[in-house]
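Enquirer: Put chain L on the given structure of chain Z with help from the hints.
Chain order of the listed sequences is Z and L. Note that numbering that gives the first Met the number 0 has the first sequence beginning at 0, numbered continuously upward. Note that numbering that gives the first Met the number 0 has the second sequence beginning at 0, numbered continuously upward.
Hints in this document: simulated from the structure, not taken from any laboratory. Here a beta-carbon is modelled for each residue, glycine too, at the ideal position from N, C-alpha and C. Please note that a few of the clues may not be correct.
Unchecked claim - Short derived list, chain Z residues pointing at chain L, Cβ under 8 Å:
#1 212
#2 245
#3 248
#4 262
#5 286
Protein chains: 2
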Amino acid sequence: MSPNPADSVFVRACRGEPTPYTPVWFMRQAGRALPEYRALREGSPMLPSCFRPELVTEITLQPVRRYGVDAAILFSDIVVPLKAIDVDLDIVPGTGPVIARPIRTWEDLEQLRPLEQGDVEPVLQAVKELVAELGPKPLIGFCGAPFTLASYLVEGGPSREHLKTKALMYGDPELWGALLTRLADITGEFLRLQVEAGVSVVQVFDSWAGTLTPQDYRQRVLRHSARVLAHVEGVPKIHFGVGTGELLGLMGEAGADVVGVDWRVPLDLAAGRVGDRAVQGNLDPALVVAAPWETVEAATLDVLARGRVAKGHIFNLGHGVLPDTDPDVLERVVELVHDTTRG
Amino acid sequence: MSPNPADSVFVRACRGEPTPYTPVWFMRQAGRALPEYRALREGSPMLPSCFRPELVTEITLQPVRRYGVDAAILFSDIVVPLKAIDVDLDIVPGTGPVIARPIRTWEDLEQLRPLEQGDVEPVLQAVKELVAELGPKPLIGFCGAPFTLASYLVEGGPSREHLKTKALMYGDPELWGALLTRLADITGEFLRLQVEAGVSVVQVFDSWAGTLTPQDYRQRVLRHSARVLAHVEGVPKIHFGVGTGELLGLMGEAGADVVGVDWRVPLDLAAGRVGDRAVQGNLDPALVVAAPWETVEAATLDVLARGRVAKGHIFNLGHGVLPDTDPDVLERVVELVHDTTRG
Numbered sequence: 000m001s002p003n004p005a006d007s008v009f010v011r012a013c014r015g016e017p018t019p020y021t022p023v024w025f026m027r028q029a030g031r032a033l034p035e036y037r038a039l040r041e042g043s044p045m046l047p048s049c050f051r052p053e054l055v056t057e058i059t060l061q062p063v064r065r066y067g068v069d070a071a072i073l074f075s076d077i078v079v080p081l082k083a084i085d086v087d088l089d090i091v092p093g094t095g096p097v098i099a100r101p102i103r104t105w106e107d108l109e110q111l112r113p114l115e116q117g118d119v120e121p122v123l124q125a126v127k128e129l130v131a132e133l134g135p136k137p138l139i140g141f142c143g144a145p146f147t148l149a150s151y152l153v154e155g156g157p158s159r160e161h162l163k164t165k166a167l168m169y170g171d172p173e174l175w176g177a178l179l180t181r182l183a184d185i186t187g188e189f190l191r192l193q194v195e196a197g198v199s200v201v202q203v204f205d206s207w208a209g210t211l212t213p214q215d216y217r218q219r220v221l222r223h224s225a226r227v228l229a230h231v232e233g234v235p236k237i238h239f240g241v242g243t244g245e246l247l248g249l250m251g252e253a254g255a256d257v258v259g260v261d262w263r264v265p266l267d268l269a270a271g272r273v274g275d276r277a278v279q280g281n282l283d284p285a286l287v288v289a290a291p292w293e294t295v296e297a298a299t300l301d302v303l304a305r306g307r308v309a310k311g312h313i314f315n316l317g318h319g320v321l322p323d324t325d326p327d328v329l330e331r332v333v334e335l336v337h338d339t340t341r342g
Numbered sequence: 000m001s002p003n004p005a006d007s008v009f010v011r012a013c014r015g016e017p018t019p020y021t022p023v024w025f026m027r028q029a030g031r032a033l034p035e036y037r038a039l040r041e042g043s044p045m046l047p048s049c050f051r052p053e054l055v056t057e058i059t060l061q062p063v064r065r066y067g068v069d070a071a072i073l074f075s076d077i078v079v080p081l082k083a084i085d086v087d088l089d090i091v092p093g094t095g096p097v098i099a100r101p102i103r104t105w106e107d108l109e110q111l112r113p114l115e116q117g118d119v120e121p122v123l124q125a126v127k128e129l130v131a132e133l134g135p136k137p138l139i140g141f142c143g144a145p146f147t148l149a150s151y152l153v154e155g156g157p158s159r160e161h162l163k164t165k166a167l168m169y170g171d172p173e174l175w176g177a178l179l180t181r182l183a184d185i186t187g188e189f190l191r192l193q194v195e196a197g198v199s200v201v202q203v204f205d206s207w208a209g210t211l212t213p214q215d216y217r218q219r220v221l222r223h224s225a226r227v228l229a230h231v232e233g234v235p236k237i238h239f240g241v242g243t244g245e246l247l248g249l250m251g252e253a254g255a256d257v258v259g260v261d262w263r264v265p266l267d268l269a270a271g272r273v274g275d276r277a278v279q280g281n282l283d284p285a286l287v288v289a290a291p292w293e294t295v296e297a298a299t300l301d302v303l304a305r306g307r308v309a310k311g312h313i314f315n316l317g318h319g320v321l322p323d324t325d326p327d328v329l330e331r332v333v334e335l336v337h338d339t340t341r342g
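Bound conformation, chain Z alone:
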């Protein structure tokens, strides 16, 4: 293998180039499923942890050692760039991000100033350390998409129906556009800085986009996600959401090289929807927790078989690793994916 992560199997698969085997990593691979992660995080709340380079580095490396995955992903959270520009928010265990002053007026918008390099220096330092440490293994940088970030900021926290977010989106298109543009520039700049610091691939998470109709996504959201992706050049870009079966084509059009697919859409169908792009996914994360190995094995092989019709395939779960996951099962999945697809 070449010593340059840009020539790695994972990055080549993202570009849709032929690879000697199917690369694999797991969303939220650095997380509570790993006992070594739980030990390291003990007593250290989530958000401050994301600004401690030595902790970020170690947590990011843990799953690489454990699973033998083909890429590391920076340990962070999509609200980190908001915290970095001093938005008053916290990640509450068992709840998620909670915003002190939700954004619903033009005045509220003033909480969102442009992000500068100095705001995220500890994160960029972790990226540089990781790139040095990882050598030929690629590091994935990431950020949240404007719609998903806006939904937290407008609701004040996680939400089921996103009623306040939709009220703003439908009721005040001008303020909505201004909010999502600011978010796109904050998060896009954060992504660009990660690339500058050495990440080999970026992923944009639009976790809540699946609540939108394709018509609304196209008309009110797509251009802002495209704006995020346009901040970045020179590395492959992955665009992921949950429940986005009808949005896959549009998420590709936003400027992605790879479209992430949740477990609901068979990958061969997804490949047809994303056009001339690679796909990433899409084993059900619950199946990995709940099913005996024979079922996990069969489902993994099914994902691989369906992925073959795509321009490129990066194996992953359809959403993040669940905390109850047995790490040994994920390790076996990595082996199975590699062994099955090796020429």
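Expert: Just chain L now, with coordinates in the frame of chain Z:
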């Protein structure tokens, strides 16, 4: 209009026959969005309310008077037949159904005895009163699908990841099959009794089926939902779930005349997936709450335009009416649907 509900516009649309205009009703039209409902339910917990014929009758009629919809739907809950056979459960406000002794073993299964007519006599009495009261206006009966009921019974309550349910589904296919067969017979018999008592159409709610891959739905769930639908003859059958974009074809194959579609899938796409069947849906219930009238109007017209390619179209929301909904908006939607589609 003929005095027989079987010849009503709604029932004919369910059968895919030509109609003078597009019929409309709303899932959870009898509910907290209506002040008259909140007044009537005050001090009366959900489950006992479902067994009080005079209350069921009045609550069922409220939205018919208010909205001018083309069908009434029996006020009830999908766990009513389980309560009727003495499963120890309650509907906890703000939470949902909570099961005292979750079902995870063969022994636990003994909680599920066959349902007999005497168990649901008050419900059937309400159906008969309603049919008399409604005259030519059709009444919809309903039940929950085995997967969704099983998920409550196995988890012990509502769940996000359905891990215990999936553990049983993958880990013990024999017990899983026995559980879903029992549930199919309980709920299918309940549906058959509703038809016998006079409902003109039935709807099966599989609220959580959207958590399944199409492969798992086909292999582990479909036949049980088909078993429910097979209990009923002589009336059109609607089959509905949320997040079921990739399951629409299979939900039709289970034996439905009409497939309900959530707001994520444009109806013209949905029509292509359900084959020679009618579709029901699919205005975003959050949009109705959150958007100004012009947006609600445009979205309603878009749904109608897309629905035209289907074999038949019953206008509805893509999921239940949200409690924050303004009843006046729904009333205007009914008028708009009728006025726009009247020849």
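Enquirer: Each hint: holds or not?
Expert: Comparing the hints with the structure gives:
no., hint, in the structure
1, 212, "holds, 6 Å"
2, 245, "holds, 6 Å"
3, 248, "violated, 11 Å"
4, 262, "holds, 6 Å"
5, 286, "holds, 7 Å"
Checked against the numbered hints above, the structure breaks only hint 3 and satisfies the rest.
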